[in-house]
Amino acid sequence: MPTKSNRPFDHTFWLCLVAAAAWAVPGGGHFLIGQRRHAYVFFAAIVFTFLIGLYIGSIGIVDPVGAKPWYLAQILTSPVIGWIGQIAQKGDYPVYGRPQDYGQIYTALAGLMNLLCILNAVYRAYSGIGETIGQEEEHG
Amino acid sequence: MAEGFPMLLAGFFAPVEIGTTPLSLLWMFPLLLSIAVVYKATRLRVLFWKQFVLEVLVLFLTLSGFMILAGMVLNLLVWLITS
Numbered sequence: 001m002p003t004k005s006n007r008p009f010d011h012t013f014w015l016c017l018v019a020a021a022a023w024a025v026p027g028g029g030h031f032l033i034g035q036r037r038h039a040y041v042f043f044a045a046i047v048f049t050f051l052i053g054l055y056i057g058s059i060g061i062v063d064p065v066g067a068k069p070w071y072l073a074q075i076l077t078s079p080v081i082g083w084i085g086q087i088a089q090k091g092d093y094p095v096y097g098r099p100q101d102y103g104q105i106y107t108a109l110a111g112l113m114n115l116l117c118i119l120n121a122v123y124r125a126y127s128g129i130g131e132t133i134g135q136e137e138e139h140g
Numbered sequence: 141m142a143e144g145f146p147m148l149l150a151g152f153f154a155p156v157e158i159g160t161t162p163l164s165l166l167w168m169f170p171l172l173l174s175i176a177v178v179y180k181a182t183r184l185r186v187l188f189w190k191q192f193v194l195e196v197l198v199l200f201l202t203l204s205g206f207m208i209l210a211g212m213v214l215n216l217l218v219w220l221i222t223s
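Protein sequences appear in the order of chains A and B. Quick note: the first sequence uses the working numbering, first residue 1, plus one each step. Quick note: the second sequence uses the working numbering, first residue 141, plus one each step.
Note that these hints are calculated values from the structure, not bench results. Don't take each hint at face value.
[Unchecked claim] Chain A regions said to be covered by chain B (calculated; three or more residues, Cβ under 8 Å):
(1) 10-24
(2) 71-81
(3) 100-109
(4) 115-123
Treat the numbers as computed from the prediction; the structure is a model and nothing was measured. Even for Gly, the Cβ is constructed at its ideal location relative to N, Cα and C.
Please model the complete structure; the sequences and the hints are all you need to start from.
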């Protein structure tokens with residue numbers, strides 16, 4: 001893992017890279033800074049939450065047109081959600097009642113939890129937490 | 141087993157039936173568990189599995205207890221207002 005001193009690129013670029021990785025794959029930012037256990041936990045928890053929501057409400061709950069506020073929270077989970085939204089727009093997937101509410105709550109919360117993980121990963125990368133305890137963590 | 145996977149996949153294309161019964165409130169517990177897991181993981185600088193599981197369990201029980209209490213208080217309020 002590159003540390004501040006031997007990193008071949010600028011620190012700001014590194015922070016942006018961590019944020020992008022954390023958004024692309026839940027837990028990706030923590031994986032990049034060497035906090036592997038955190039990464040596995042975040043990935044499992046966020047993907048599990050999102051999939052439960054999708055299972056409850058069907059993929060029709062990812063609606064970039066009819067349910068924009070929910071979609072804004074859902075897309076924070078990963079850019080892949082944009083692709084799911086495209087599929088949902090093309091097909092005619094039934095969405096109604098309580099399953100829709102529950103599904104939207106689950107998927108939107110998965111996105112908001114990933115936002116927390118993105119901020120946490122960037123903060124850890126900024127303060128060098130992953131660098132100082134990353135090795136120690138591997139043996140813990 | 142062979143039928144299980146397509147059935148599971150098909151589940152993503154049609155909503156699950158959730159009735160308007162008190163049992164439907166049980167759906168909040170998986171969500172509370174994920175919130176507890178993610179929140180605790182962000183709080184711990186170093187993640188030791190045993191300590192982590194214990195802390196998640198405590199937070200999950202606290203959140204669940206609070207939600208049940210909030211539900212009871214709201215039900216009581218509605219009962220007082222409507223009776």
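Practice item. Return the numbers of the hints above that this structure violates; sort them in rising order. Key: The structure conflicts with hints 1 and 2, although it agrees with all the remaining ones.
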